[in-house]
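Asker: Residue-level listing of the chains:
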Amino acid sequence: MPPILEVAGLRAGYGPIDALHDVSLTVDEGEIVTMIGANGAGKTTTLMSVSGVVRPRAGRVTFGGNDLRTFPAHEIVKLGLAQSPEGRKIFPRLTVLENLQMGAFTRKDPPGIAADIEKMFGMFPILNERKGQAGGLLSGGQQQMLAIARALMARPKLLLLDEPSLGLAPQIVTQIFGVIRDLNQNQGMSVLLVEQNARMALKVAHRGYVLETGRVTFSDKADVVLNDPRIRAAYLGE
Amino acid sequence: MIFAADSAFWQAFTQQTIDGLAFGALIALVALGYTMVYGIVELINFAHGDLFMLGCFLSLTILAAFGLGGLGFDATVKDPSPVYVAVILLTCLLVAMPFCGALNFAVDWVVYKPLRTAPKLAPLVSAIGVSFIFMNVGLFWGGAQDVNFPNLIPDTNLMSEGSGIRFTYKDAMVFGVTVPLMIGLTLFVQYSRLGKAMRATAQNPTAAKLMGIDTNKVIGLTFAIGGALAGAGAVVYALKVNTISYTMGFQNGLYAFTAAVLGGIGRIPGAVLGGLIIGLVRYYGSAYVGETWAGALIFGILILILVFRPTGLLGSTTREKV
Chain A
0 MPPILEVAGL RAGYGPIDAL HDVSLTVDEG EIVTMIGANG AGKTTTLMSV SGVVRPRAGR
60 VTFGGNDLRT FPAHEIVKLG LAQSPEGRKI FPRLTVLENL QMGAFTRKDP PGIAADIEKM
120 FGMFPILNER KGQAGGLLSG GQQQMLAIAR ALMARPKLLL LDEPSLGLAP QIVTQIFGVI
180 RDLNQNQGMS VLLVEQNARM ALKVAHRGYV LETGRVTFSD KADVVLNDPR IRAAYLGE
Chain B
0 MIFAADSAFW QAFTQQTIDG LAFGALIALV ALGYTMVYGI VELINFAHGD LFMLGCFLSL
60 TILAAFGLGG LGFDATVKDP SPVYVAVILL TCLLVAMPFC GALNFAVDWV VYKPLRTAPK
120 LAPLVSAIGV SFIFMNVGLF WGGAQDVNFP NLIPDTNLMS EGSGIRFTYK DAMVFGVTVP
180 LMIGLTLFVQ YSRLGKAMRA TAQNPTAAKL MGIDTNKVIG LTFAIGGALA GAGAVVYALK
240 VNTISYTMGF QNGLYAFTAA VLGGIGRIPG AVLGGLIIGL VRYYGSAYVG ETWAGALIFG
300 ILILILVFRP TGLLGSTTRE KV
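Those protein sequence lines, which keep their order, are chains A and B.
Under numbering that gives the first Met the number 0, residue 237 is the last one in the first sequence; the count climbs by one each step, no gaps.
Under numbering that gives the first Met the number 0, residue 321 is the last one in the second sequence; the count climbs by one each step, no gaps.
Please keep in mind that the hints were generated in silico from the structure rather than gathered at the bench.
Heads up, a few of these hints could be off.
What the hints assert, rightly or not - Straight-line distance between alpha carbons at most 25 Å, and here's what the computed SDA-like set of lysine to any residue pairs gives:
no.	chain 1	residue 1	chain 2	residue 2
1	A	Lys107	B	Asp5
2	A	Lys107	B	Lys216
3	B	Lys119	A	Pro91
Claimed, not checked - Selected chain B positions facing chain A (in silico; Cβ < 7 Å):
no.	residue
4	Thr90
5	Ser191
6	Gly194
7	Lys195
8	Lys208
9	Leu209
10	Met210
11	Gly211
12	Ile212
13	Asp213
From a predicted model like this one, the values you see are computed outputs, not experimental measurements.
Positions of the beta carbon are idealized from the N, C-alpha and C atoms, including for glycine.
With the rest of the complex left out, here is chain B (with noise of 0.2 Å):
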């Protein structure tokens, strides 16, 4: 019963906002480099799920490295401590963030700078074949089957037995990993000197270039820091998920570069505010529409506010002045 305000029905309903806000957070992390990249060289990154994809790879052979098994290779360690655990966590973030940043300031270097001055549609088209290859070096790596992904953190629960509510260590991972990166990122974009200068290129880089920024470092660097969020996204994903697959990268892809749009594609905080809303209308969807419901209501609710606000919820409605 929805309408009975009893407390089996708000256990639920914090339940439900717990997961749907983790979910969402994850999401906001690839969602970022959706939107970051779009507002710089109005290009959108079809790609990007695909790295994410992969950066998920990247984390099972760090697993199977540090002897947990995975790929084809057996587990040598069982129980591993927690101090195990979080040193292959940070392993993890400290080889895929990296990796995935420089896969993506590559691919900007090798496929996009070449086409910068081209009409919009070559870039896009070109980002639609990188996610191809992406996928297909995804395929490679793991095969075509779902790949399990050794569940290293434990699904304990934090909170105490009569609350009626989970919160769990894998919750608090994704927590803990996710929200200072995006403070981090605000912070440095509000007030670095290279921030503002990735600011300064997106909203004119003819000007940006009088000033003296050297607008292709910045757009490089632009897609270095996206690429290293999504690297992050994928660590936490598949620690969190446990189960990952060649083809991941196109539904997560879809739910951030949703989640951008949703926010106001070129915008940070919308980026993260899309993120939220998309994990909180799954879980609520799910529970309280049916599991099925959910692609739909993402996709219906991204429809209504396009309709209304057609800059999404934080882009400017306000034409500025010229």
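In isolation and in its complexed conformation, chain A is listed as follows (with noise of 0.2 Å):
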């Protein structure tokens, strides 16, 4: 089976300035993959490229057998494809409803939308109880649910996470991976997870890629790479 995204020699940058190299990475359906790496490596500019939201220089980018660079990215999702971004987005002004009905913007089944906002609160059950407030008040944790959640309102079949951990408290984090764990486990949905905290990331994914300086320097099954001396050096403080 083809996998459901291939991204191959993927070139892209802001200004004058390349950020990506040369990047080439899949995932296969119903897998977790995971992108690891220092400040600067890349790994915001691939998960953009990815979405539309940064058009690629040279390289390809195919999801689902859908060539993306012909794909405006608002298009995008429309295919299956949602981000939960670096910074977690969400609308400071909206309510945390009206967030997670942006998430579904794109979809035109009012019932499903109702159900699916439902579920999002027996999986975040937090929001259920925020759902009147401004997202802009809501902690760091709780955003980031949000930010997840407004991406599972796509419904999508591959998720890309870029740094859901990011100054979290350690209990929202196990949470917060136990859930992308139980969507890939029970639904089935591909992920390309991008971490800074590389061990818990490996720990989930079932394949991980290092990135450096615009480029994919190593990449192998998760427990190798988690377990490779030069890994653990450099990314996991040995």
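Got two chains here, separate frames each, mind docking them using the hints?
Answerer: This is the structure we're talking about:
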């Protein structure tokens, strides 16, 4: 079976600078793949290029057989790809409920949307308690839950997660990673996960890629990456 | 005597309040266009006042077509019946609103959209350029002199003789057009799918794209709605004030822009509040301080409010968590 997402020879950047020189990776259906790397390695740019927010300068991005370079960002969501972006990017003056509704913007099935909102409230009960509050007033952890729930509202086949653990208390990180694993195992959702918390990410992922200054320098099964002495030294603080 | 709280004082005060609110409601309608556009693309659309001016000339052209004279045409209809006047008012609104909306949309598409990622100064200077182009179109359309706009709506007082207060058909028309439009806009932005998409795009364009929102379409829609409101404001202004000129966009645009800043630029209720405050200050100022001081008072209050609340009256004062 062909991979659900295939990135090949991707080059992308901002202004005169290329942030990505040559990134190639694949995500198979039902797989959790993680990208680890230092600040500025190009992890976020890779995700933004897949989502169409940053336009690739060279290379291919194929999702479910579609060449994503021919789609504007707002149409990529409809193909079944959603992102919970770096820094959460919650709409601060929309309520929690409205934020979730925005996640389902491309969907045209109000009963299904209402049912999914209830599902998100089941998954993250705190969002239900705060549903009438402005998104900007939530705590960091609550905003992260909202960002993930908002992305799930699009019913994606592939979920892109950018730094879901950043700045959060360990308890909440555990909860969020529990949700990710659950979505993958019980709903077969494919996940491309970008994380600074490499240990946590490699424990939940099937495969891992290491990104260094815009290039993939290492990739293997997650447990192999986790046990590689160089990776342990560089990214796991040993 | 200001301090003598007799009935004559309260009559005059009520009168200034009515006139101030009527003028303020008009300014608010134009201010909404400034604030909506700023809210979504952080552009101060300097051409907005001149768009409003073009709406006035378009209304005059419609009146001429209905045989009421103006723009060099002779008036063939004398003493139009109330039904005829209502038809004209409705026609003006139904033509000027789509016209100004479409024109504003087109200007965004042609001039501002290619500059979306350019430094903020580039679209700003372009907006000043568009303002001059509009002004020259107005000059060509109506000439360099003040143009008389037919006095179609009677100044008949609707209040009883003894009340000492004037509330005319014109005032009723001003509130009858502006208030429903403002309520309609609020409901649209608050509850409709596209209205929510507008707010989302204004608050975080990148996230909006990730939600599948076509942000360029939403921005275009914002320009169109803001333009349509300016068109409606133009019709009402021309029918109320009865004098228009190609330079009117500057002065009224400045009032409207001030209203938007006063209320908190980017905030829709702020534009309405700002407009009403400016209307009231202008009329109270004229009555109790002196006609010549009205302008200075408006901007004095603007400065005072901005010193204590730099984000405007309804602008957010707390930083949102990132």
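Asker: So, Met210 (chain B) near chain A? Judge it on the closest CB pair being under 7 Å.
Answerer: 5 Å, holds
Asker: Restraint: Gly194 (chain B) near chain A, CB-CB cut 7 Å. Satisfied or not?
Answerer: 10 Å, violated
Asker: The hint names Leu209 (chain B) as touching chain A; please verify it with the least Cβ-Cβ distance against 7 Å.
Answerer: Given a least distance of 5 Å, the restraint on Leu209 (chain B) holds.
Asker: Are the Cα atoms of Lys107 (chain A) and Asp5 (chain B) separated by 25 Å or less?
Answerer: 63 Å, violated
Asker: Can the hint on Lys195 (chain B) be confirmed by a CB-to-CB distance to chain A that is less than 7 Å?
Answerer: 6 Å, holds
Asker: Does the structure keep Lys119 (chain B) and Pro91 (chain A) at a Cα separation of 25 Å or less?
Answerer: 23 Å, holds
Asker: At a threshold of 7 Å, is the proposed contact between Ser191 (chain B) and chain A supported by beta-carbon distances?
Answerer: Violated, because the Cβ-Cβ distance from Ser191 (chain B) to chain A comes to roughly 11 Å (cut-off 7 Å).
Asker: Verify the proposed pairing of Lys107 (chain A) with Lys216 (chain B), using a straight-line Cα cut of 25 Å.
Answerer: 18 Å, holds
Asker: Would you settle whether the hint for Gly211 (chain B) is holds or violated, based on the nearest Cβ-Cβ distance to chain A being less than 7 Å?
Answerer: This interface hint holds because 3 Å falls under the 7 Å limit.
Asker: Was the hint right that Lys208 (chain B) lines chain A, CB cutoff 7 Å?
Answerer: Holds, because the Cβ-Cβ distance from Lys208 (chain B) to chain A comes to roughly 4 Å (cut-off 7 Å).
Asker: Taking the least C-beta to C-beta distance, is Ile212 (chain B) closer than 7 Å to chain A?
Answerer: 6 Å, holds
Asker: Does Thr90 (chain B) pass the interface hint, meaning its C-beta sits closer than 7 Å to a C-beta of chain A?
Answerer: 37 Å, violated
In terms of the numbered hints stated before, the structure departs from hints 1, 4, 5, 6, listed from lowest to highest.
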